[in-house]
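J.: Below, each chain spelled out in residue letters.
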Amino acid sequence: MKKITKKSLNSSFWTWYHGNLLCFSHQHMQTLPFMLAMLKPLQDLYQDETELHHAMETYTGFFNTEPQIGTIIVGVCCGLEESRANGADNIDEEMINSIRVGLMGPLAGIGDSLIPGTYIPILLAIALGLSTGGSMLGPIFYALVYNVTMYLFMRGIFNTGYELGGRAVDVLVGEKADIIKESIITIGMVVVGAVAGSWVNVTTALTLYNDAGEPFLVLQNVFNNILPGLLSLLTVLLGWWLMTKRKMQPTTVMLIYLAIAFVGVLLGFFDPGLSY
Amino acid sequence: MELSIIQCVILALFSMSTSVIGALGTSYAWYTLSRPLVASMIVGLVMGDVTTAIIVGSAIQVVYIALVTPGGTVSADLDAVCWIGIPLAIAAVKGSGLAAAEGAGLAVSIAAAVGTVGTVFFYGTAVFNLVWQEIAWKRFDKSDYSGMWKTTFFLPLISHFLIRFIPTFLILRYGLPYVANIKDVLPLDSLPMKTLFTVGTLLPAVGIAILLKMVIKEPLDLVIFGFGFIIAKNLGVNLVAATIIGGFVAYLKYQTGMQILAVKGSGSVTEEEDDF
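Protein sequences appear in the order of chains B and G. Read in this note's numbering, the first sequence has 213 at position 213, and its numbers run on one by one without any break. Read in this note's numbering, the second sequence has 176 at position 176, and its numbers run on one by one without any break.
Calculated directly from the structure, the hints in this document are not laboratory data. Among the hints, a few may not be true.
Claimed, not checked - Derived list of chain B stretches under chain G, where covered just means 3 residues or more per stretch with a C-beta under 8 Å from a C-beta of chain G: (1) 48-62; (2) 88-102; (3) 174-186; (4) 239-245.
To be verified - A few chain G residues that don't get close to chain B, going by computed Cβ distances all over 10 Å: (5) I6; (6) I10; (7) T32; (8) V62; (9) I166; (10) L170; (11) V179.
To be verified - Covered stretches of chain B (in silico footprint by chain G; criterion: 3 or more residues with CB under 8 Å from a CB of chain G, positions within the stretch not fixed): (12) 23-36; (13) 116-125; (14) 133-146.
Think of the CB as a built atom: it goes at the ideal place given N, C-alpha and C, for glycine as much as any other residue.
Required output: the full structure, derived from the provided sequences and hints.
T.: In structure tokens form, the structure reads like this:
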């Protein structure tokens, strides 16, 4: 019975862990790193040069996903290749490739919303809190916690993928997986709100004076009486609305905010109130 | 203020290694070193003022708290933000003689401008890498796997050197002194300067909005975001506590979701990785 050695699985994992976006272009994206991650395991299974090359050709098709959660696909392919080399009759290169391609889309969506969309912002939010006043605690906390947990996570799903092989599809794509994903994203929504509440601070300087030179309207106080942080909240929601409902790029939104700031300063609505 | 050649070389080396398609991999380079909060600590250590650097870096981090690169499109180049934007922002803040926290608005504006222009570095590198990919494919066709490995892992360093290292070095060495003297050109109470500071307070809202766009599918979910905002802004809940409250909300959502699934009686119940 043919078996991929522990050493080759290790090498496969590290090639992917380190190299998943190396030599990136928009034409091939992660195709080359994926092929290289499959190299050692396939060399274990096929000693014959022609057979090996033929097996490697399974992976020449385009590949791109969220690379961290995508580690499981490398594991799955290793598991499938092992079964195939041992003559499992329902596994051929077409089947492996369809699983590989079939997983990369959904996993890119899940991965983007869970890792850079939820997990990283939560860790960064906590780290920002630790760094108040310029403390090094925040960056060190983030760097340590992120790397340790992400390494363990990637290692774990690589092994799970290898063991499950094709059955991984049922675990990763399905109603239960969706519910878990949605629940985790909910944590992200609350934390995003808290980050906005702690870090976005938009205030107006607009004050109207009466004939005697006494202020009779301090606009910020009016807003505070409605809801403290109202302007900050509205600024965020405006950005969200422009991006989702008006389909604008973040850069366009930034330019609009630049225009708002300029006009606001001209009208006296905004004033940072600094001078030498 | 100016930086020595050694300081510029160190920062330029970081810039070359930590872009999303950089030399050091995704998790420990792109998602760690290229987060403005972490980068600001390193920049601070190199420039000799960690406290200012981290205060400036924290403000910039909020804008880019959720930058993802779906399908290889970027709206801002975080690598340029970290290794060009942060040093320039520190120079500008220190040059204007403001306390770090007061200058945060200016820092954010500078970093955001650098990040937007810096996208040319990202796309430039990705296009340049087509050359190395061509070589790697040729090696693959000849079954020269170790040649393919070396090409993919090492030749892109040339792209990074030309497109990251050199511009970063030149800007830090020869551009930074001009930015440090910004107050001679633009007084703090001038219209452009007031606008820059104001934009700097608005831009974090764009960062939050990018994140919202990613996690919120239905407008009603904004209620959860608003809940997070209010517990932080009005009740003073800190970010760790907000994460725990978020976990509680997620738990309720998970329970409800599973009950609905059980009632529907569909979906195979499978074990799920829960590493978050």
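J.: Under 8 Å between beta-carbons, do enough residues of the segment 239-245 of chain B, three at least, approach chain G for the coverage claim to hold?
T.: Since three or more residues must qualify, the claim that chain G covers the segment 239-245 of chain B holds, with 5 doing so at under 8 Å.
J.: State whether the coverage of the segment 23-36 of chain B by chain G holds or is violated, taking the criterion as 3 or more residues with Cβ-Cβ distances under 8 Å.
T.: It holds: at least three residues are needed, and the segment 23-36 of chain B offers 11 whose Cβ sits within less than 8 Å of chain G.
J.: How about the segment 174-186 of chain B: do at least three of its residues have a C-beta closer than 8 Å to a C-beta of chain G?
T.: As far as the segment 174-186 of chain B goes, the hint holds, because 11 residues have Cβ atoms under 8 Å from chain G.
J.: Minimum C-beta separation from I10 of chain G to chain B exceeding 10 Å: can you confirm that?
T.: holds (17 Å)
J.: Checking a non-interface call: every C-beta of chain B should be farther than 10 Å from the C-beta of I6 of chain G. Is that right?
T.: The assertion about I6 of chain G holds, with a minimum of 22 Å to chain B.
J.: Would you check chain G against the segment 116-125 of chain B, counting CB to CB pairs closer than 8 Å, and say if three or more residues qualify?
T.: Held - the segment 116-125 of chain B has 9 residues with a Cβ nearer than 8 Å to chain G, which meets the minimum of three.
J.: If you look at each residue in the segment 88-102 of chain B, do at least three have a Cβ nearer than 8 Å to any Cβ of chain G?
T.: Contact hint for the segment 88-102 of chain B vs chain G: violated, 0 residues under 8 Å.
J.: Examine the segment 133-146 of chain B for residues whose CB is less than 8 Å from any CB of chain G, and state whether their number is three or more.
T.: holds (count 10)
J.: Non-interface claim for I166 of chain G: all C-beta distances to chain B beyond 10 Å?
T.: I166 of chain G is indeed farther than 10 Å from all Cβ atoms of chain B, at 20 Å.
J.: Taking the shortest Cβ-to-Cβ distance between V179 of chain G and chain B, state whether it exceeds 10 Å.
T.: holds (17 Å)
J.: Apply the coverage criterion to the segment 48-62 of chain B and chain G: a residue qualifies when its Cβ sits closer than 8 Å to a Cβ of the chain, and three qualifying residues are needed.
T.: holds (count 5)
J.: Please verify that the nearest CB of chain B lies beyond 10 Å from V62 of chain G's CB.
T.: The assertion about V62 of chain G is violated, with a minimum of 5 Å to chain B.
Figure legend: structure checked against the earlier numbered hints; hints not met, in rising order: 2, 7 and 8.
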